[in-house]
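J.: Listed in order, the protein sequences are those of chains L and R. The number in the working numbering is simply the position in the first sequence, starting from 1, with 7 added. The number in the working numbering is simply the position in the second sequence, starting from 1, with 7 added.
Hints may be right or wrong, so weigh each one.
The list cannot tell twin chains apart, which means a pair is met if one copy fits it or any two copies do.
Subject to a maximum C-alpha distance of 25 Å in a straight line, what follows is the list of computed DMTMM-like cross-link-like pairs (lysine to aspartate or glutamate) [claimed, not checked]: (1) Lys180 - Asp99; (2) Lys345 - Asp136; (3) Lys345 - Glu159; (4) Lys179 - Asp219; (5) Lys56 - Asp99; (6) Lys56 - Asp121; (7) Lys272 - Asp308; (8) Lys272 - Glu40; (9) Lys345 - Asp316; (10) Lys179 - Asp121.
If you are wondering where the hints come from, they were derived from the structure by calculation, not from laboratory data. In this text, all values refer to a predicted model and were calculated from it rather than measured experimentally.
2 protein chains.
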Amino acid sequence: MSHETSTPPPAQIGAAVASVDTPALLLDLDAFEHNLAAMRAMLDGWHGKLRPHAKSHKCPEIARRQVADGAVGICCQKVGEAEAFVRGGIRDVVVVNEIVGSSKLARLASLAHDARIGVAVDDAQNVADIDRAAGKAGVSLDVLVEVDVGLERCGVAPGAAAVALAQSVAEKKHLRFVGLQAYHGRAQHLRSFQERRAATAVAAGKVRDTLDLLAAAGLRASTVTGGGTGTFQFEVSSGVYNEIQPGSYVFMDADYGRILDEAGKPTRMFEQSLFVLTTVMSHPVARRAVVDAGLKSHSVDSGMPLVADLAGARYAWASDEHGVIELDGPAQVSLGQKIRLVPGHCDPSVNLHDWIVCILGERVEAVWPVSARGASF
Amino acid sequence: MSHETSTPPPAQIGAAVASVDTPALLLDLDAFEHNLAAMRAMLDGWHGKLRPHAKSHKCPEIARRQVADGAVGICCQKVGEAEAFVRGGIRDVVVVNEIVGSSKLARLASLAHDARIGVAVDDAQNVADIDRAAGKAGVSLDVLVEVDVGLERCGVAPGAAAVALAQSVAEKKHLRFVGLQAYHGRAQHLRSFQERRAATAVAAGKVRDTLDLLAAAGLRASTVTGGGTGTFQFEVSSGVYNEIQPGSYVFMDADYGRILDEAGKPTRMFEQSLFVLTTVMSHPVARRAVVDAGLKSHSVDSGMPLVADLAGARYAWASDEHGVIELDGPAQVSLGQKIRLVPGHCDPSVNLHDWIVCILGERVEAVWPVSARGASF
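If we strip away everything but chain L, and leave its shape as in the complex, we get (with noise of 0.2 Å):
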């Protein structure tokens, strides 16, 4: 009964990109390796760690090469998402997120049998509910304090309150307190970059202060983990981090796109690797093509998608399987021809998604699943 629901993959390895079925995600493995090497390069010297978030991507084989790439392991939100990591052989997960329920936690624990678990917490009940998990199982499990530095979503305030769910974590006989989870995210997406810096700069400062409180209480945090794609080299070079969980950058998508350097230019750490491949079904006036990608296709909480082939084309506005295209440029559209879109977010992109068809030029290298797709359970 748990298998009715998948789809065919929408390509055969060596088959040339023009047959590929659509809509359907590409990978232009040439601009992904392209990241992992950027990310790597960034990171040289800096004595931290890389975890990449995998809710990005869903897809083990992307995580077994950013580990072979020397990324410590993953992190993700859910722990189906975690499910299907470790059993894609990844062997250090951290859930970054806070975990509730007596059946969720059962199934986090066990997985700690075949990988070393870790998971955010930001509520005392919910300390001790994990500890019972983690004793029912007969696994130990690595807790996050999470502090709330900005975004106002999960976590306690830093300061007295992260040191009093420290506290409780470490008194916990199946649990280790490892540290804080300290993540920015409405940061990542501020367009300049002195916002982006002044952000992070705001929240290292929240974290210093709790480290030293944790500290005076005896209690060592060995990890500090935030940052993602938009701030990662401020959580690098802020003094308390040690490690960071940037997902978007092996993929970019059209928001950030969008987030501009320290001249005021888009920033092009990373190449967009990431496309929604989609073709033109019906092209009834000269002025607008319409494709087969809509809003179950790619997700626009962030945006519209960009068309990457046409100059002067506008995808202007989506419904469920129709993207209307906006043609005010000299290009030439025909019934059938494919074209690529930048999905405005990748991550809710990915997960509509049950395959990654992996490009080369112009030929199908590798067909991926999404193996964690639809996993938010």
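Since chain L is already given, all that's left is putting chain R on it; use the hints.
T.: Frame of chain L, contents of chain R only:
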């Protein structure tokens, strides 16, 4: 290789709703049955056909119930959906959308061995391609000429262009010209009754003119199909439409909940039957609760979901796996509490889930696979 990415069912039949793993799609069967009955009652005495749009539910079990309840069959947007519904026993399926490309057309044609299959067209070359695919498969296909009656998406212009395309269909050996696809998507979500009625009247006028020209050319359009949950009453009373395509009426959503009746009050023709069940996984400050259903559990393209169960609670913003709920009312929330959300837009929200958990009162009555989930190809 095609079966690696499905998720396990979030509930067992007979279990209490409180035990359902989250996030999960919940279907209130009483409300669902009410909606089927309400539609049947509203169409009583009409000599047209109900062909529900199955893109909303993607679930063969629901389609079978619609057919058992009097629907002539279903319509859908993609070949992959049509395949799932024919496999699920539906014997009359119209893809009310343009299908382009030889492999998709071969798949479409092959379905006609097991079911009556129709498709929409807006291009003469595409008509020739469909005829070739049908001939190759040894089948006949029904073809609807799509006319643009105001949506500004696909479709030829009403009038002479539609007649010319219908003529080209009628001349083909393996195609049957059956009529017009005349769906006015923009009209569905206009807030006021008067605006929706006026937009549908304009569309019906364009259809009528086209039907006159078709008749003058000796072409009989036995079917004129269109209309959705927001306007179907106007198509029914138009005198020109003889088939309607509502989809969302079985579920409803926050956006359809905002459309108004003739007196300017929220339309209450249908009940909200679909919910996303979510768990409070963080409650860091008194006025904020964070739930485990974010962008990967419901689609925000038409706005944030509504909180069904807590007075004064507002789902303020979503990240991938979090929903931040602001609590301004008197409601008390506790960690682990399960809360129902009304998704902003049902169709792309359902497409994020593999299973629909059907409840009667506080018990899980059934778990239905969303078999066409992800079938955008």
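J.: Should lysine 56 paired with aspartate 121 be assigned to within, between, both, or neither, using CA atoms and 25 Å as the limit?
T.: Within. Shortest intra-copy distance 21 Å satisfies the 25 Å Cα cut-off; inter-copy 57 Å does not.
J.: Are the CA atoms of lysine 180 and aspartate 99 at most 25 Å apart within a copy, between copies, both, or neither?
T.: within (21 Å within a copy, 62 Å between copies)
J.: Are the CA atoms of lysine 345 and aspartate 136 at most 25 Å apart within a copy, between copies, both, or neither?
T.: between (52 Å within a copy, 17 Å between copies)
J.: Between lysine 179 and aspartate 121, at a C-alpha cutoff of 25 Å, which is it: within one copy, between copies, both, or neither?
T.: Only inside one copy: lysine 179 and aspartate 121 sit 22 Å apart there, 62 Å across copies, limit 25 Å.
J.: At most 25 Å between C-alpha atoms: does lysine 272 with glutamate 40 qualify within a copy, between copies, both, or neither?
T.: within (24 Å within a copy, 56 Å between copies)
J.: State whether the alpha carbon distance between lysine 179 and aspartate 219 is at most 25 Å within one copy, between copies, both, or neither.
T.: within (22 Å within a copy, 80 Å between copies)
J.: With identical chains, the pair lysine 272 and aspartate 308 could be close in the same copy or across copies; at 25 Å between alpha carbons, which is it: within, between, both, or neither?
T.: within (24 Å within a copy, 29 Å between copies)
J.: Is the C-alpha distance from lysine 345 to glutamate 159 at most 25 Å within one copy, between copies, in both cases, or in neither?
T.: Only across copies: lysine 345 and glutamate 159 sit 21 Å apart there, 42 Å inside one copy, limit 25 Å.
J.: If the cutoff is 25 Å on CA atoms, where do lysine 345 and aspartate 316 land: within, between, both or neither? Let me know, please.
T.: The answer is within: 9 Å in one copy meets 25 Å, while 45 Å across copies does not.
J.: If the cut is 25 Å between Cα atoms, do lysine 56 and aspartate 99 qualify within a copy, between copies, both or neither?
T.: within (12 Å within a copy, 57 Å between copies)
Of the numbered hints given earlier, the model fails none.
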